Amino acid sequence: GQSLEQPSEVTAVEGAIVQINCTYQTSGFYGLSWYQQHDGGAPTFLSYNALDGLEETGRFSSFLSRSDSYGYLLLQELQMKDSASYFCAVRVYGQNFVFGPGTRLSVLP
Amino acid sequence: DVKVTQSSRYLVKRTGEKVFLECVQDMDHENMFWYRQDPGLGLRLIYFSYDVKMKEKGDIPEGYSVSREKKERFSLILESASTNQTSMYLCASSATGKNTEAFFGQGTRLTVV
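Residue numbers (the numbering used here), protein chains in the order written: chain A, 737 to 845; chain B, 4 to 116.
To give a feel for the contact side, a few chain B residues facing chain A, derived at Cβ under 10 angstroms: (1) V7; (2) Q40; (3) L46; (4) R47; (5) F51; (6) Y53; (7) T99; (8) G100; (9) T103; (10) Q109.
Pulled from the structure, derived: some chain B residues nowhere near chain A, Cβ distances all over 10 angstroms: (11) S11; (12) V22; (13) E25; (14) S68; (15) E72; (16) T114.
Derived from the structure by calculation, the hints contain no laboratory data.
Bear in mind that the values here come from a model prediction, so they are computed numbers and not experimental data.
Glycine included, each C-beta is placed from N, C-alpha and C at the ideal position.
Turn these sequences into a full structure, and let the hints steer you where they fit.
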């Protein structure tokens with residue numbers, strides 16, 4: 737089977753940098769994705785890593801290390817609007833997505 | 004603008020009722036999914052479909068069934084609703100491929116009383 741682990745909560749202040757880790761156990765997958773979900777909203781796609789290394793999209797970066805079964809999402813210059821839940825996910829070879837339990841990020845003024 | 008639309012934002016149903024949750028996507032995606040979201044448990048896959056009339060069980064299919072008669076529509080059916088099925092239900096769709104993302108509907112908050 738597949739499973740992903742994330743911290744349940746992270747708190748940081750505006751302007752800071754925060755890293756949300758994701759460790760996984762899966763038999764095979766195409767890549768690691770990150771999704772953001774605001775309270776009452778739908779999850780929305782943030783980033784995708786097919787290969788090992790760092791992908792940067794504006795203030796957000798994501799990293800994958802397949803040898804360590806580990807990835808992270810890095811959020812820089814935190815803003816209040818970044819307060820949300822963040823999910824890592826893998827797309828497995830059967831084409832469905834497996835999600836982690838989510839990390840609730842609280843950004844304080 | 005791509006869109007996944009779920010028929011209801013909020014539903015209240017009685018124990019034992021048959022419940023239908025409808026989902027429509029306008030992106031011509033092959034794959035559609037139903038997830039259940041509960042606090043601390045993330046998104047758990049109930050069923051997914053990779054083509055019309057095709058379906059695969061996810062991690063928690065018990066008590067649910069699905070129907071996909073047309074490519075754009077994927078329905079989740081609770082055969083006999085129970086209180087432990089009170090939850091947020093999220094529909095998603097995606098194209099087939101390695102780098103594709105999942106697009107989600109706004110969710111249906113179902114309460115079974």
